[in-house]
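Protein chains in written order, with this note's numbering: chain L, 14 to 198; chain F, 13 to 68.
These aren't lab readings, by the way, just hints derived from the structure by calculation. Keep in mind that this is a model prediction, so the values were computed, not measured. A couple of the hints might just be wrong.
What the hints assert, rightly or not - Below, in silico cross-link-like pairs of lysine-lysine (DSS-like), each with a Cα-Cα straight-line distance of 30 angstroms or less:
| id | chain 1 | residue 1 | chain 2 | residue 2 |
| --- | --- | --- | --- | --- |
| 1 | L | K182 | L | K138 |
| 2 | L | K72 | L | K117 |
| 3 | L | K18 | L | K72 |
| 4 | L | K138 | L | K72 |
| 5 | F | K31 | F | K16 |
| 6 | L | K117 | L | K18 |
| 7 | L | K138 | F | K57 |
| 8 | L | K18 | F | K57 |
| 9 | L | K117 | F | K16 |
| 10 | L | K182 | F | K16 |
| 11 | L | K138 | L | K117 |
| 12 | L | K117 | L | K182 |
| 13 | F | K57 | L | K72 |
| 14 | L | K18 | F | K31 |
| 15 | F | K31 | L | K182 |
| 16 | L | K72 | F | K16 |
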Amino acid sequence: MRTTKAGESALLLLDVVDILVTDNIEYAVVGALAAAVHGAVRASMDADALLSIGVQEAKNLEVGLRDAGFLAELTRGDFDDPIPGLLEVSDSFGNRVDLLLGLKGMDLQAFSRTIEVPFQGNTLKFIGREDFIAMKVFAGGPMDLLDATRAMSAGRDSLDMELIRRLAKGYGRDALNSLDQLLRQ
Amino acid sequence: MDSKLAEAAERALVEATQKLRPEERLNAFLEHCRLVTQLFETGQKMRDAGTSQLKP
């Protein structure tokens, strides 16, 4: 394990990704760490990743993570929860990685649009910027919309706006309306 | 987005942070910021280079 103290959720993520790669599980880092990569630094001290697996595979992964010495707990979402399930991984220092078992409305091609970012001598796959922005307008909280705005302003010329609109539409009308509002600002 | 799972995860994160003593919390925050800044700077380099992939 790479972690030696609190504040190292990003290093815990590297440990978890080692297991995901061994198990051939596709993933995309999202949340605050992805926000940083896309130009929006904020203070949330966990690490989040989306996985391309269902609940049964997540149960197997939960066992594998425990066998590897991590604390791991799988929780299933309610029927109407946009997150079907969450596998929480933590260590004895309180570092934490949340593995989301998908997100309703998300384009599954998001895993093929990830960007590979070097970090601490390894490589992590991060959600692409267009997918990140669409996800954030869907999440819709004040901090989420600020993340989306910052990610857009960090390089608007290189953004595929048509793709962002299509991805936001996949999350529903509210997400598309939020995107349009941001674009008008 | 209304997600009970996301709300529960947020609460658990806050609770874990509150278990630390103030000095531990500050040090944890500083370490987290150091790691996140690395990612931010790498992301900036990638945007400047117009690439979606860099080697470690």
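Assess, step by step, whether the Cα of K138/L is no farther than 30 angstroms from the Cα of K72/L, and give holds or violated.
holds, 23 angstroms
Given hint K72/L paired with K57/F - CA-CA distance at most 30 angstroms:
violated, 38 angstroms
Are the Cα atoms of K117/L and K182/L separated by 30 angstroms or less?
With Cα atoms ~12 angstroms apart, K117/L and K182/L stay inside 30 angstroms; holds.
Given the proposed pairing of K138/L with K57/F, does the C-alpha separation stay at or below 30 angstroms?
holds, 16 angstroms
Is it true that the CA of K182/L sits at most 30 angstroms from the CA of K138/L?
holds, 24 angstroms
Check the hint pairing K31/F with K182/L against an upper bound of 30 angstroms on the C-alpha distance.
This hinted pair is violated, its Cα atoms lying about 41 angstroms apart.
Would you check the hint for K18/L and K57/F, treating anything up to 30 angstroms between C-alpha atoms as holding?
holds, 29 angstroms
Below or equal to 30 angstroms on CA atoms is what counts here, so check K117/L against K18/L.
violated, 34 angstroms
Next pair to validate is K18/L with K31/F; report whether the Cα-Cα distance is within 30 angstroms.
This hinted pair holds, its Cα atoms lying about 14 angstroms apart.
Restraint check for K31/F with K16/F, where alpha carbons must lie at most 30 angstroms apart:
holds, 23 angstroms
Can you confirm whether the C-alpha distance between K182/L and K16/F stays at or below 30 angstroms?
holds, 23 angstroms
Are the Cα atoms of K72/L and K16/F separated by 30 angstroms or less?
holds, 20 angstroms
Going through the hint list in order, the structure does not satisfy hints 6, 13, 15.
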